[in-house]
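Colleague: Listed below are the residues making up each chain.
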Amino acid sequence: MTGGLSRRSFLKGAGALAVLGALPAALVRDVVGHVAEAAEPHYFLDAHQYATVQALCRRLIPGPTDDPTETDPGALEANVIAYIDLFLGAFNVPAPLGPRIWGDGPFSGRAGPPPWPFGTPQPTPYPNDFARTFPLSAVEILSWRTLLEGTRDSSGKAIPERAWADVAAGGRYLGLQEQYTQGVKDLDAAAAQMFPTAKDFVSLSPPQQDILIARPDITTGFPSVVFQHAAEGMYGAPEYGGNKDLKGWTYIKFPGDRQPKGWTAAEMLAPDTGAPISATALKPFDLQAAFARLAFGTPREAKTPWKGSRGF
Amino acid sequence: MASKAVVIGSGAGGSVAAYTLVQAGWDVTVLEKGVDHFGQANLTAEPIGPPHFGSDEVKESLRHFSDADAFAEPRTFRAKAGDTPFVGNVNHLPTGVGGGTMHWDAKTPRFWEVDFHLASTYGVPAGSSLADWPITYNDIEPYYTRTEHMLGVQGDASKHPDFLQQQTPRSKPYPMAPGPQQLDSVVIADGAKTLGYKPFPFAMAANSVDGYDGRPACVNCGMCSGFGCPNQSRGGAAVTFLRKALQGGAHLITEAFAFKVETNGRKATGVRYLDVSQWPQRKEKVAHADLVVLALSPIETARLALLSGIGNSSDQVGRNLMFHWFTYAFGVSPTRLHGYMGRASTQTMEDFVVPDTVTGKALGLPYLRGGNLELGGTSWPIAEATTIGVFLRGRMHKDFMRLSPIRDRIMAITMGGEDMPTADKRVDLDPTVKDVYGFPVARVTYSPHNFELASQATIGPKLAAILKAAGALAAGFIPRNPPVALPGLSTVPTGAHIMGTMRMGDDPKSSVVDRTGRMHDLDNVLVTDGGVFPSASGHNPTLTIMSVAWHSMDSFLGTATPAAAAKAVPTQVQGEHAELPATGAKENAGLALGAAAAGLAARRVLKNEG
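Top to bottom, those sequences are chains L and A.
Each position in the first sequence, counted from 1, maps to that position plus 3 in the working numbering.
Each position in the second sequence, counted from 1, maps to that position plus 33 in the working numbering.
It is worth saying that the hints were derived from the structure and are not from the lab.
Remember, predicted model here, so these are calculated numbers, not experimental data.
Idealized CB from N, CA, C, for every residue including glycine.
Each hint should be verified, as a subset may be incorrect.
Below 25 Å or equal to it, Euclidean Cα-Cα: the simulated SDA-like pairs (lysine to any residue) are [to be verified]:
#, chain 1, residue 1, chain 2, residue 2
1, L, K247, A, G427
2, A, K501, L, G122
3, A, K318, L, P163
4, L, K247, A, R428
5, L, K256, A, A416
6, L, K247, A, Y470
7, L, K256, A, K293
8, L, K286, A, Y470
9, L, K256, A, G422
10, L, K256, A, G504
11, L, K202, A, G427
12, L, K188, A, G422
13, L, K160, A, T465
14, A, K277, L, F121
15, L, K286, A, I415
16, A, K226, L, L100
17, A, K501, L, K188
18, A, K113, L, F288
19, A, K192, L, K250
20, L, K250, A, T465
21, A, K226, L, A273
22, A, K501, L, S281
23, L, K160, A, Y470
24, A, K192, L, P126
25, A, K501, L, L285
26, L, K247, A, K113
27, A, K192, L, T267
28, A, K467, L, K202
29, A, K277, L, W119
30, L, K250, A, A416
31, L, K264, A, S258
32, A, K467, L, K264
33, A, K316, L, K188
34, L, K286, A, K293
35, A, K316, L, A161
36, A, K293, L, F257
37, A, K277, L, V170
Simulated coverage check for chain L against chain A, where a stretch passes if three residues somewhere in it have a Cβ under 8 Å from a Cβ of chain A [to be verified]:
#, region
38, 72 to 83
39, 179 to 190
40, 203 to 209
Taking the hints into account, I'd like the entire structure generated from these sequences.
Modeller: Have a look at this one:
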């Protein structure tokens, strides 16, 4: 496959060196140069992008350090940024963990002593299947790389086997990585324009960041894309980088995946022991929109099909 | 030497075909476009081994592990000719070994006796192409029973209300008793009972006992519909029919994209396909065949027939496309209902499947009709968080998640209503958009008939009333005609129940295949997916897809089981002319047809009732 490697690949940590041997020389310099700056393993985002997206996530899903009235952990505490960086850089993760798109199955082992349901011998120690990666087929590799990296190579030339995505998009299909790099640039530009003393989004105060994100022309753009991924990192399985120590699940009283233990008949019918809520508690929320979107998905328009999603 | 059959698709219809052909001594090759998430060694092991699915929302719901790849293989959709098409996921069914049953809800109601002759019993609504089936309930009954036993269905027919027992006479009880009930389903069912409705345990292909067909019992893990089953307790095409077909010697070729059925006169001679295992390296292959079975699911089967130029001498391929017309009602429970425990939903009711001729006639239609209901069901944490999206952020987002109105407290009713076929609801080839392999994608053109809109406007408020009776704080129904009701919301079809496009009938002028699923135009091409359905009923279709497929295959092989002894089924559905509980013809008589009425009702209910 041509145009294989992403334009920005910043690798660090165990296993990175094994991959470096396979990378073009220019990219190796790029990678090594950034390793020194980065405090955390960065699979795609550079230090500034990482900090910017992190700051944005903290406004979208705040924790106690982001909002004095908030008591439960937020994007920072759940390390949501690691989820986003790992997703964007899924193809920069060395094998056998990478490309890190899908965890394997069937069980994470989280639900306690697992009765092994199959006739085959129970593996010991019991594995976390989610921590392994299910391998991608050739078409899935092409599809996911196109979705993340777009349809152009590093010199801007169209990659022939990705041309279908441009046709379907009715123009150049913008990969998710570029949506992020451009999104960070746009946030910085908007920050400097709205608050002339600021040099970028990160240097704004939290209230200033809130004001900027609330601009109608901005909310539905990059912050909307990041919100989707932040929620995935906050409330998804921890094997994808976020939901650290199950903080996202714990505060919403979600027990997580329960296979192969499941639930007993008594647990299923046990009533809630918490105090019932009244209709007043629902008043702040637009349930009409929530219900409608739950039923039929978010609004879609012709010719704006994907925004980085393979489904709806 | 054994005759060679090529079956395209390894889902509900294809797996039945493969199984019956192997039993009859054929040399069977199954071509599957997607990959194998079961692992063939584990799938065919005795007893069965573990699959690669997991209770993992990121993997299954966000990254579409067992869905079709709607990015690499999009479809296009338009409401009517001339509209700018939407490109992307247009009711794609899962792609891969097991097809749609990889992550189906596995609910297995039977179609009703009257479903096979609606047109002659009630008349054809103006503008529709509704037709009787060329086969009857009695023809299919033996196959319903065998398919229920093959899949491993839990249910209790003694709990079926009288009208249902009358419409679905059975030669055998369900193979297993219903498993444990989930709280949200029971709460909603109790509310329905106070209004006089007749809910009962939902028949489902999931083991309620350990060891049925060598598979474990369902543990009610919750992540069911939309997720592959991690412990193999849910019945489906792969773990039943296909597993046995493979054990019997069928060959399964995955990553095989079939793009042309080769013909010579009235005979198909083989199938041309791409081996895409090293894509973008293009490797074209041919599988020679004495028999070709098309089971790609209705939209893709029609696409392949059109790409191949077969079966279309009467311009019927792709027409009469039906989706179930989904109506949702949602409410919020004062207490947490933990819908994450269970099997998606465990209670159903069929009161709204009874044709309503009184209201129908008042609205200019021979009858109105909804579908069976799923009582209960929940969403998952990422879905709850992203449903409102970035507009609910910061502290508001955290409050919403703590309160959990659309996950832990949700009270949901889903109705897959009957969808009236028309010649204009159709699939053809898109003139512009191509898939990753360079072939024109399917273009879906679909707008509802008044039948769906009127049925929804009539029944929708009753769904909300059930939730209110069950104690919901806020309850409303969501009409499936959002452009009027909820501006900006998409009309792209969803729901995963897809029928029609390859209609079964005795007249080659108005159908594509005959009463045994064989193409009128070709002697050795059968269709065994939901494409053959002449009408949609209001029931989850998979049990009927498999049962009709089995009947078609046995008919082709000359081993068809005789029809069930004719039961004395009255021509009129019991209760048909009685007013349904909480229904009044008067209340609906002045109702304007269609979208506006449904939209107004939705706004009224959603805004004011708390």
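Colleague: Could you run down the list of hints and mark each one as holding or not?
Modeller: A quick look at each hint next to the structure:
1. L/K247 x A/G427: holds (19 Å)
2. A/K501 x L/G122: Not OK: A/K501 and L/G122 at ~46 Å, beyond 25 Å, violated.
3. A/K318 x L/P163: Holds - the C-alpha atoms of L/P163 and A/K318 are around 23 Å apart, at most 25 Å.
4. L/K247 x A/R428: Satisfied, since the Cα-Cα distance of roughly 20 Å is no more than 25 Å.
5. L/K256 x A/A416: holds (15 Å)
6. L/K247 x A/Y470: violated (40 Å)
7. L/K256 x A/K293: It is violated: about 52 Å lies between the C-alpha atoms, which goes past 25 Å.
8. L/K286 x A/Y470: violated (50 Å)
9. L/K256 x A/G422: Since the Cα atoms of L/K256 and A/G422 sit roughly 20 Å apart, the hinted pair holds (cutoff 25 Å).
10. L/K256 x A/G504: Given that 25 Å is the threshold and the Cα spacing comes to 22 Å, the pair holds.
11. L/K202 x A/G427: holds (24 Å)
12. L/K188 x A/G422: Satisfied, since the Cα-Cα distance of roughly 22 Å is no more than 25 Å.
13. L/K160 x A/T465: holds (22 Å)
14. A/K277 x L/F121: holds (18 Å)
15. L/K286 x A/I415: With a Cα-Cα distance of about 22 Å, the restraint between L/K286 and A/I415 holds, given a limit of 25 Å.
16. A/K226 x L/L100: violated (52 Å)
17. A/K501 x L/K188: violated (50 Å)
18. A/K113 x L/F288: violated (35 Å)
19. A/K192 x L/K250: Roughly 43 Å between the alpha carbons, so the hint for A/K192 and L/K250 is violated.
20. L/K250 x A/T465: violated (47 Å)
21. A/K226 x L/A273: holds (21 Å)
22. A/K501 x L/S281: holds (14 Å)
23. L/K160 x A/Y470: holds (20 Å)
24. A/K192 x L/P126: violated (42 Å)
25. A/K501 x L/L285: It holds: about 16 Å lies between the C-alpha atoms, which stays within 25 Å.
26. L/K247 x A/K113: Violated. L/K247 to A/K113 sits at ~48 Å, over the 25 Å cutoff.
27. A/K192 x L/T267: Within the cut-off at roughly 23 Å; holds.
28. A/K467 x L/K202: Roughly 45 Å separates the two Cα atoms, so the pair is violated.
29. A/K277 x L/W119: holds (23 Å)
30. L/K250 x A/A416: holds (17 Å)
31. L/K264 x A/S258: holds (18 Å)
32. A/K467 x L/K264: Cα-Cα ~45 Å, so violated.
33. A/K316 x L/K188: Violated, at about 43 Å.
34. L/K286 x A/K293: Violated, at about 57 Å.
35. A/K316 x L/A161: holds (23 Å)
36. A/K293 x L/F257: Between A/K293 and L/F257 the Cα gap is close to 48 Å, so the pair fails against 25 Å, i.e. violated.
37. A/K277 x L/V170: It is violated: about 42 Å lies between the C-alpha atoms, which goes past 25 Å.
38. 72 to 83: Holds: 4 residues of the region 72 to 83 of chain L have a Cβ under 8 Å from chain A.
39. 179 to 190: As far as the region 179 to 190 of chain L goes, the hint is violated, because 0 residues have Cβ atoms under 8 Å from chain A.
40. 203 to 209: Result for this restraint: violated, n = 0.
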